[in-house]
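Same order as they appear, the protein sequences are chains P and S.
With numbering that gives the first Met the number 0 applied, the first sequence corresponds to residues 0 to 514, in that order.
With numbering that gives the first Met the number 0 applied, the second sequence corresponds to residues 0 to 97, in that order.
I should point out that these hints are in silico values taken from the structure, not numbers from a laboratory.
Certain hints may be false.
Capping the alpha-carbon separation at 27 Å, the derived lysine-lysine pairs in BS3-like fashion look like this [claimed, not checked]: (1) P:K14 x P:K488; (2) S:K89 x P:K334; (3) S:K39 x P:K101; (4) S:K89 x P:K92; (5) P:K5 x P:K101; (6) S:K89 x P:K101; (7) P:K14 x S:K26.
Some residues of chain P that are not near chain S, with every Cβ distance over 10 Å (derived) [what the hints assert, rightly or not]: (8) A63; (9) L425; (10) S508.
Even glycine gets a Cβ: it sits at the ideal position worked out from N, Cα and C.
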Amino acid sequence: MNEIIKLSAADLAAKLRDGSVTSTQAVQAHLDRIAAVDGGDRGVHAFLHLNAEEALAVAAEVDAIRAAGGPEAEALHPLAGVPIAIKDLIVTKGQPTTAGSKFLEGWMSPYDATVIEKIRAAKLPMLGKTNLDEFAMGSSTEHSAYGDTRNPWDLDRIPGGSGGGSAAAVAAFEAPLALGTDTGGSIRQPGAVTGTVGVKPTYGGVSRYGAIAMASSLDQIGPVTRTVRDSALLHELIGGHDPKDSTSIDQPVAELAAAAEQGATGDLTGVRIGVIRELQGEGYDAGVQARFDESLQLLRSAGAEIVEVSCPNFEYALNAYYLIMPSEVSSNLAKFDGVRYGNRVLPAEGPMTIERVMGATRAAGFGDEVKRRIILGTYALSAGYYDAYYGSAQKVRTLIQRDFEAAFAQADVLVSPTSPVVAFPLGSKLDDPLAMYLNDVATIPANLAGIPGITVPGGLSENLPVGIQFLAPAHEDARLYRAGAALEKLLEDQWGGPLINQAPELAESSKEGVA
Amino acid sequence: MPAISREDVAHLAQLAHLEMSDTELEKMTGELGVIVDAIKSVSEAAGNDVPATSHPLPLVNVMREDVVGQTLTQEEALQNAPDAEDGRFKVPAILEGE
Chain P
0 MNEIIKLSAA
10 DLAAKLRDGS
20 VTSTQAVQAH
30 LDRIAAVDGG
40 DRGVHAFLHL
50 NAEEALAVAA
60 EVDAIRAAGG
70 PEAEALHPLA
80 GVPIAIKDLI
90 VTKGQPTTAG
100 SKFLEGWMSP
110 YDATVIEKIR
120 AAKLPMLGKT
130 NLDEFAMGSS
140 TEHSAYGDTR
150 NPWDLDRIPG
160 GSGGGSAAAV
170 AAFEAPLALG
180 TDTGGSIRQP
190 GAVTGTVGVK
200 PTYGGVSRYG
210 AIAMASSLDQ
220 IGPVTRTVRD
230 SALLHELIGG
240 HDPKDSTSID
250 QPVAELAAAA
260 EQGATGDLTG
270 VRIGVIRELQ
280 GEGYDAGVQA
290 RFDESLQLLR
300 SAGAEIVEVS
310 CPNFEYALNA
320 YYLIMPSEVS
330 SNLAKFDGVR
340 YGNRVLPAEG
350 PMTIERVMGA
360 TRAAGFGDEV
370 KRRIILGTYA
380 LSAGYYDAYY
390 GSAQKVRTLI
400 QRDFEAAFAQ
410 ADVLVSPTSP
420 VVAFPLGSKL
430 DDPLAMYLND
440 VATIPANLAG
450 IPGITVPGGL
460 SENLPVGIQF
470 LAPAHEDARL
480 YRAGAALEKL
490 LEDQWGGPLI
500 NQAPELAESS
510 KEGVA
Chain S
0 MPAISREDVA
10 HLAQLAHLEM
20 SDTELEKMTG
30 ELGVIVDAIK
40 SVSEAAGNDV
50 PATSHPLPLV
60 NVMREDVVGQ
70 TLTQEEALQN
80 APDAEDGRFK
90 VPAILEGE
C-alpha cells in the first residue's frame, strides 16, 4: 500500500507544505487505491462517481502555486491540495448528484452547495461522490438505489448509514477526508461501525445550502475523517455563517483545532463528563458496553470527573424522531414531481394528467424506505392525527431539550456508546424497519435538541469497531474536540497506534474501478 | 387510536402522489401498522403544559436587502427538465378531458 494514503489529512498537509509530497501524487495515490479496492463484486463500493480529471487539475494548480512560492503560496489554505470525498446528498457543479435515488439519476446541479464553494476556494481536490441510503434515509446504506457499500473491516457487513460511503471511503484509505450529513446519526453511526471519526456540528453551525433536504429541522453537514484533529480542521473550513441558509448561526467558527490539540495532551483535569444512564445497558451489545466502560476508566485516569446523569425522556426520543422526521420528509420530497427535474414516468394506462404522471413518476423513482417515510409523514400530519402525533412529538422535543439542559448543568460533556451494536451482516435487518431504526437510538437525541456530537473509535468487539460518542451543549463544539482528542490519545497509547491500523488488509477487488 | 386500514393507506398514497399496486398497498399497510404501534406512546409522554418545539435553536425571521443575488439562467433552470418548450417547463394536461 502506498504510504501517502495512510497519512492523516493534517500530516499529508504538512508534507505538501514542506514539498516532500505533491498534491498530484496524493490525489493519484488515492485514485489508485480507489481503482484497486472500490470496484468489482467484492469491492468496498464507497463511490458512485469519480471526479479524477478535475481533482488532478486542482492538485496541479496547488502544486504550481506552491512551486512558484510568494504571497499566493503563503495564502493557500492549510488543507489545500488534500483530497476529499463528498456524500452524494450534497450538490456539486460538474458532477452528478443522485442522493442515492433513481429519481435523480444523471441529474446535474446548476449550482454548488456552500460547503462545496468553500472546498473549491480552499483548493481541496474532490475525488468524487459517495454512496448513501436513498435521500439519506437509512442506517446501513442498503437503501441506496446504486448497490450496497461494504464495510472495510468485514466486506459482508454494513458500513452504517446513511453516510456509509463517506465512512467506508475514509476507513478504506480511499480518502483522508469526506463530508457527511447527519439527521439522526448518519455521520456518527457509520463512523462508529467503521472505526473512524465523525462529527455532527451544532445545528446551524455549517451551512445546509445545497444539501438535499431530508428533515430540515434536524439535518446538519459535518466532517468524516480518521482522526479528531482532521475533523476539527475540516469543520473549521466548512463552518461559519451563510446568508443563503436562514438557519445558519451568525457567529464565527470556534477554535476547534486548538481544542483538539489541547485534548491530545491527554489531560482532562477539571472536565466533568456525564454518563447518560439511559444510553447503555439493555439493548447494547456486551462488547460495546465493555469498550464503553473501559473508556470511562481511561477518561477518569486522565483527570476527568465522571458523573452519572439521567435523561428520562430519551425513552420517547426515537418515537418522536420517527414522527417529526417523516413529517418533514413528506413535505420536503413533495418537490420531486418530475416537472422541473427527475426522470418522468408515464402511467401505464388511463388519462394522462399531470397528477397521474406525478404518481407514476414518484412510484418508479422512489425506493421502499422513502415511500414508507413519505406515507408515515403524510399520516402524522393528516387531519385528526396531527395533534396526537406530530404535535405530541414536538412536545417530546421540548422534554428532550430540558433533559439535556439538566444534564449539562452537571457536566461539561456527555458520553455514551455511539451505536448499540457493531456492524451487522448485509441484508440482516432489511426486512425489519423497526430493527433498523433502533440503530440510531443513541444518536437521535442530539439532532432533536440541535446539539453537537462526535464519535471516536473505542476499540473492537467481535473484531469490529465500537464507537464512543461525546455530546456538548449547542455552540460548544470545541468541547467535543478536546474530549474526543483526549480519549483518542489515551486509547492509541494502549493500542500502539490508530485503531484503523488493525483493520484487515483489503484485497484488490478490481482493476476496473467505478464508472 | 384506530388501526390503519388499507383504505387509509390508499388515501395517503393518493395525497402523497405515490401510485401503488394492490400488493404494495397490502405490504405498506402491515408495515405502517407495526411502526405506528411502536411509536404511538409519544402521545402519552407530554402533558398539555409542555410547549411544542419546532426547531432546535431559537430562530427569528431573516431579511436581506432586495438586491439581485446569484440566479440561474433560463438554460440552467431548464437543463434537467424532463420536457421543455419555448423556454418553459412542459407538463401533460393539468385537468382531465382537456
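Consistency of the hints with the structure:
1. P:K14 x P:K488: Holds. K14 of chain P to K488 of chain P sits at ~22 Å (cutoff 27 Å).
2. S:K89 x P:K334: Roughly 16 Å separates the two Cα atoms, so the pair holds.
3. S:K39 x P:K101: violated (32 Å)
4. S:K89 x P:K92: holds (24 Å)
5. P:K5 x P:K101: Violated: K5 of chain P and K101 of chain P sit about 34 Å apart, past 27 Å.
6. S:K89 x P:K101: holds (21 Å)
7. P:K14 x S:K26: Roughly 56 Å separates the two Cα atoms, so the pair is violated.
8. A63: The assertion about A63 of chain P holds, with a minimum of 29 Å to chain S.
9. L425: holds (21 Å)
10. S508: holds (33 Å)
Going through the hint list in order, the structure does not satisfy hints 3, 5 and 7.
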